Each structure stands twice: as C-alpha cells, then as structure tokens.
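Can you build the whole structure from these sequences, using the hints too?
Counting with the numbering used here, you get residues 202 to 666 for the letters of the first sequence.
Think of the hints as simulated: they come from the structure by calculation, not from any bench. Quantities reported herein were computed from a predicted structural model and do not represent experimental measurements. We put the beta carbon where it would ideally sit given N, CA and C, even for glycine. A portion of the hints provided could be inaccurate.
Heads up, simulated DSSO-like pairs for lysine-lysine below, C-alpha to C-alpha not over 27 Å straight-line [stated by the list, open to error]:
#: 1; residue 1: 277; residue 2: 258
#: 2; residue 1: 226; residue 2: 246
#: 3; residue 1: 540; residue 2: 445
#: 4; residue 1: 574; residue 2: 526
#: 5; residue 1: 258; residue 2: 276
#: 6; residue 1: 526; residue 2: 542
#: 7; residue 1: 526; residue 2: 540
#: 8; residue 1: 276; residue 2: 226
#: 9; residue 1: 574; residue 2: 542
#: 10; residue 1: 277; residue 2: 257
#: 11; residue 1: 277; residue 2: 246
#: 12; residue 1: 445; residue 2: 413
#: 13; residue 1: 257; residue 2: 246
#: 14; residue 1: 246; residue 2: 258
#: 15; residue 1: 574; residue 2: 540
#: 16; residue 1: 276; residue 2: 257
#: 17; residue 1: 246; residue 2: 276
#: 18; residue 1: 542; residue 2: 445
Distance ranges between label pairs, derived from CB positions [stated by the list, open to error]:
#: 19; residue 1: 331; residue 2: 563; range: 45 to 51 Å
#: 20; residue 1: 663; residue 2: 510; range: 36 to 42 Å
#: 21; residue 1: 331; residue 2: 614; range: 55 to 61 Å
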Amino acid sequence: MGSPNGLGFITDRLPSGSRGIAMAKQYWIGDVRSGVHDGEEVELKGWVHRTRGGGKKIQFVVLRDSTGIVQCVVKKDVVGDSCFDDVANALIESSMIVRGRVESTDREHGHELQVESAEVVGPVNPDRPFPITESAMTEADGGETEFLLDNRHLYLRTSRMTTMLKLRSTVFGAIHSYFRDRDFIEYQAPNFVAGAVEGGSTLFEVPYFGRKAYLTQSWQLYAEAAMPALERLYTMAPSFRAEKSRTRRHLTEFWHAEMEIAWASNEEVMEHGEGVVRHIARKMLDERSEELSELGRDLEVIAGFADSPYPRMRYDEAVDALQSKGVEIEWGQDLDYSKEKILTDDFEVPHFLTHYPRIAKPFYHRPDPEDPKYVLCHDLLAPEGYGEIIGGGERTWSEDEILERIDEEGTPREPYEFYIDIRRYGGVPHGGFGLGVDRVCTWLAGADHIREAIPFPRDSRRVTP
RNA sequence: GCCGACAUAGCUUAGUUGGUGGAGCGGUGGACUGUUAAUCCACAGGUCGCAGGUUCGAGUCCUGCUGUCGGCGCCA
Numbered sequence: 202m203g204s205p206n207g208l209g210f211i212t213d214r215l216p217s218g219s220r221g222i223a224m225a226k227q228y229w230i231g232d233v234r235s236g237v238h239d240g241e242e243v244e245l246k247g248w249v250h251r252t253r254g255g256g257k258k259i260q261f262v263v264l265r266d267s268t269g270i271v272q273c274v275v276k277k278d279v280v281g282d283s284c285f286d287d288v289a290n291a292l293i294e295s296s297m298i299v300r301g302r303v304e305s306t307d308r309e310h311g312h313e314l315q316v317e318s319a320e321v322v323g324p325v326n327p328d329r330p331f332p333i334t335e336s337a338m339t340e341a342d343g344g345e346t347e348f349l350l351d352n353r354h355l356y357l358r359t360s361r362m363t364t365m366l367k368l369r370s371t372v373f374g375a376i377h378s379y380f381r382d383r384d385f386i387e388y389q390a391p392n393f394v395a396g397a398v399e400g401g402s403t404l405f406e407v408p409y410f411g412r413k414a415y416l417t418q419s420w421q422l423y424a425e426a427a428m429p430a431l432e433r434l435y436t437m438a439p440s441f442r443a444e445k446s447r448t449r450r451h452l453t454e455f456w457h458a459e460m461e462i463a464w465a466s467n468e469e470v471m472e473h474g475e476g477v478v479r480h481i482a483r484k485m486l487d488e489r490s491e492e493l494s495e496l497g498r499d500l501e502v503i504a505g506f507a508d509s510p511y512p513r514m515r516y517d518e519a520v521d522a523l524q525s526k527g528v529e530i531e532w533g534q535d536l537d538y539s540k541e542k543i544l545t546d547d548f549e550v551p552h553f554l555t556h557y558p559r560i561a562k563p564f565y566h567r568p569d570p571e572d573p574k575y576v577l578c579h580d581l582l583a584p585e586g587y588g589e590i591i592g593g594g595e596r597t598w599s600e601d602e603i604l605e606r607i608d609e610e611g612t613p614r615e616p617y618e619f620y621i622d623i624r625r626y627g628g629v630p631h632g633g634f635g636l637g638v639d640r641v642c643t644w645l646a647g648a649d650h651i652r653e654a655i656p657f658p659r660d661s662r663r664v665t666p
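Put into structure tokens, the structure is as follows:
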C-alpha cells in the first residue's frame, strides 16, 4: 500500500519524539496493510470510508487515512454497548480513533483490526450526510461532473483524487530534484507585473492602488534578467492566462516549471527538457507504481517515457508529414492541436518539433543564423493525444536583433525596456523552456481532463470552491 | 470569440405519440449477523433550472433567459 511519499514504511521515518515533537499519530493504515503490525496493539486515526452490518452483535467499519483503508471489526461483547452504538451511528466520513489488535486474515484486505475500543472524534450529522456517494463516483467514472466540481473540497478525500494528489506531489518533487541535482538555482519572479509578456489579450487585469497591474503569464522575462547573475536557474510557480479556452488541456491558473540557462543553445535546452521529463517518469515508477496501476496506467508504457530517447523533427518535416497524410496545411501556419494530434499518433514517446517559421513565433525567439526564416525553438509533444507539454528555445540576445524583432512584430518598445537592457549590458546566448506541470500530471496519470490533476481547477467559468 | 449538447429527489438517472413523476445509491426505522458496493422490509424526500407561450391538459412541444458540459481557436 502506498505510503504518503512512496518511500516505505511510514512509522520508520517518524521517530516518535525524536525532535521533541509530540507525535500526533503513531500508526498508519498503509503499514497495517503491509503486515508490519500483525499481532500488535495499535491505535488508528482516520475517517470512516464505509460501514457494513450495523446490527446487534457485530459491525464492520472500513477506516481510511492518507495511506490506505483497512477493515475494522467491532464486536459488541468486546467494546461494550455504548461504544458499539457510537460506532453504529457513525456515518461515512466521520473521523474516528480505534484501538485494537492487527490480525492477518485470508479475507479481502489481508489484514484487519479487531477493535477493543473506539471513539468518534468528529461526527457527521444525518441531516447532512457526506454528499459524495458511490453513485456520484461510479457514474462520473473518473470524469468531472458539475456536482463533483462544486464539491471539490470533499471530493479530494476520495481514493481517485487522493491518488492523483500523490502523483502530483511526486511530479513536483522530481522537477525540483532534477534541477537542483544539476546546480540550477531556484529563483522567484513577481506574480504582479506591469506589462504584457506575450499576447496582451490573455492577461488578467487587477486593480493596483489606482493603477492597473496584471497577473504574470510567465516567469521568463524576469528569469532572463537574472540569467547574467545566476546562469542556471529554474522555478515552479503559477502562471495565469485569461484565455476562454474550453479544452481538456487548459486552465486559467496553472503550474509552470520554467528554466533559463546562460551560454546555451536550443539543443542544450532541449536536452534538459527531455531530461526532466524522463526523470519525472522514472520517479513516478520508483515512487508511485502502485498508484499508477490503481489509475489503470500500464507501467511498461511509463517505462518507455523514462527510457526511450525522444525523437526530434523540424517544422518543415512535420508539414511534409502532415501533407502526405492529406492534411491541409500551408508553410508558415502554426501547428494547432488537431495537427499536433495527428503527428503524435506516429510516436509512442514524447517528441520534439523544432525550427518553426519566425513569423509563427513571438519576438523573443532567436532567428536561426543558418536560415533566418526559422527560429531556434522547440515544442515537446506528449504522445497519446496529450499535446504540448514544453515550449522553449534560444532567446534573441543581441540588442540589434531584439529591436529588429520587436519592430517587425509591431510591438511597442516601451514596456520591454528592462528586457532590452539585458542585451545592452553584456548580452550572451541563452535559452530556456516552460513546462506545463499540470499537463504532465494529466498525461502520466492517464487522466481524461487537466481538471482531474489539480486540486482546485480554475477555468473561465469556475473560480469556486 | 466561435460551434454543439444538456438541465427530473442530496447523488446517478428512467419517464413511450402531451393525460395525476418511478428506480438505484445516500438518510431514517426495523430484520439479519464474518460482512466486502453486505442483504431483506418499510418510511421520508420533487415549484421536473427560471420566465413566458401553445393546449381542455406540458417533465414532454415552442420562444427567451440562466447555468453547466463538450469541441475549436490560443497556448503550457
């Protein structure tokens, strides 16, 4: 059974009182299910997952904590009348402390608790029973009904969502460890910004003491400012896009893992993009194989994401490939999702698309010195129809070139003066990428919708709960 | 911004050519007692999203509104 962070027995890592901290909880259901407590007296603290029986002599309570569920057997002649009635009256999601002996059995869970005493800590009022019922879960079948979205704060406790949140934690941890193990400095950019970063129409405007400010769309421009100071830097932070997107890949608030690296080529940035995604897949297998299986994920497929090299394809090759499949596309057009999807059908692992036409990409992408019709950029497309998970490339880094690119786009220079300044004082080649963390979680979990992979999804129609 | 669906009990839903809205889960009461989505019996729970219209009669047909969902564009 999965422990909270997938590293083995929970109790081994929580030495009681070793740091002078009173331990709130000593025993974990995940450990009980692993068998380490067989024959021992334990005290379990958790929530009622389900009750069965509830008669005159014996009843069964399936107790849940963050590490799993276990059946507790409550017999009237053992616990006494009053305790037996308290347990019988405890509805689903009541919190409870039970004490008793762990017994190995050949029944369903393999281990169960013979309860000697029990107390309800936080009861549930029968006038307002826990609203997430079996039918709500079964019918939704992992999907996201309006009801479950409205009750997201309660849906979080269900096994599917708990599993998702654990996978998500592993993805976040893997991204940090990838960059930190390679001497990247974690660096924070502001979330309130004054000007547009890209495509001003997708900015969220917020009142700011009589002025207008915006929520950041990306860490990138501020990362470039720190690039001459730190040389190798990364972040994981929310980004905000006011897009009325109604797709299974978009949120208005999403977690953005971004990196920037000095003296680097598009090629080197791509190596890190591939590296971090493979590292995430590897960590998922190491720490969360059980959770992946619970969600129906084939571990062999995930192993492919961790071990196989990611192919690269130039934009021109992609256009040829699409045209040979009879897709209508003209050179210079950006590749939208429907076309990406057709391309990803040919691959079993993520693959890169590089060298887009400069007219299809914003000014900060550096034109290819070998053929300035193209820019040195890359997108990483996840297979299985999950689409783009990374966008990055080399930055326009000389003052002349950045001014030329800004002017040809018709973008005003004024808001970008600080950005141009970076080029005026010792500009160097550099690059970076942004990775959609929630998209990676969605893809690796095999979820149908990005909303399933984040605790409180935000889109154009929902900011609650 | 564009296109397309849907809205019935706390939840998931059935509801025929328009004729007094049913079920499963959850809740309550009872039976049963080593149950595994426990089972069995009974009870409670509905302004059929809102507002108009057609009709003798509307959950059902029409119009508008609101909300939600799905897809496209945009992107991570």
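Quick rundown of the hints versus the structure:
1. 277 / 258: It holds: about 5 Å lies between the C-alpha atoms, which stays within 27 Å.
2. 226 / 246: Holds, at about 7 Å.
3. 540 / 445: 21 Å, holds
4. 574 / 526: 25 Å, holds
5. 258 / 276: Given pair residue 258, residue 276 holds - Cα atoms ~6 Å apart, limit 27 Å.
6. 526 / 542: Between residue 526 and residue 542 the Cα gap is close to 13 Å, so the pair holds against 27 Å.
7. 526 / 540: 11 Å, holds
8. 276 / 226: 25 Å, holds
9. 574 / 542: At roughly 25 Å apart (the allowed maximum being 27 Å), residue 542 and residue 574 satisfy the hint.
10. 277 / 257: 7 Å, holds
11. 277 / 246: 20 Å, holds
12. 445 / 413: 21 Å, holds
13. 257 / 246: Cα-Cα ~25 Å, so holds.
14. 246 / 258: With Cα atoms ~23 Å apart, residue 246 and residue 258 stay inside 27 Å; holds.
15. 574 / 540: 21 Å, holds
16. 276 / 257: 9 Å, holds
17. 246 / 276: Holds - the C-alpha atoms of residue 276 and residue 246 are around 19 Å apart, at most 27 Å.
18. 542 / 445: 21 Å, holds
19. 331 / 563: 45 to 51 Å: Since residue 331 and residue 563 have Cβ atoms about 48 Å apart, the given range 45 to 51 Å holds.
20. 663 / 510: 36 to 42 Å: Holds - the Cβ-Cβ distance for residue 663 and residue 510, about 39 Å, lies within 36 to 42 Å.
21. 331 / 614: 55 to 61 Å: 58 Å, holds
This entry satisfies every hint, going by the numbered hints stated previously.
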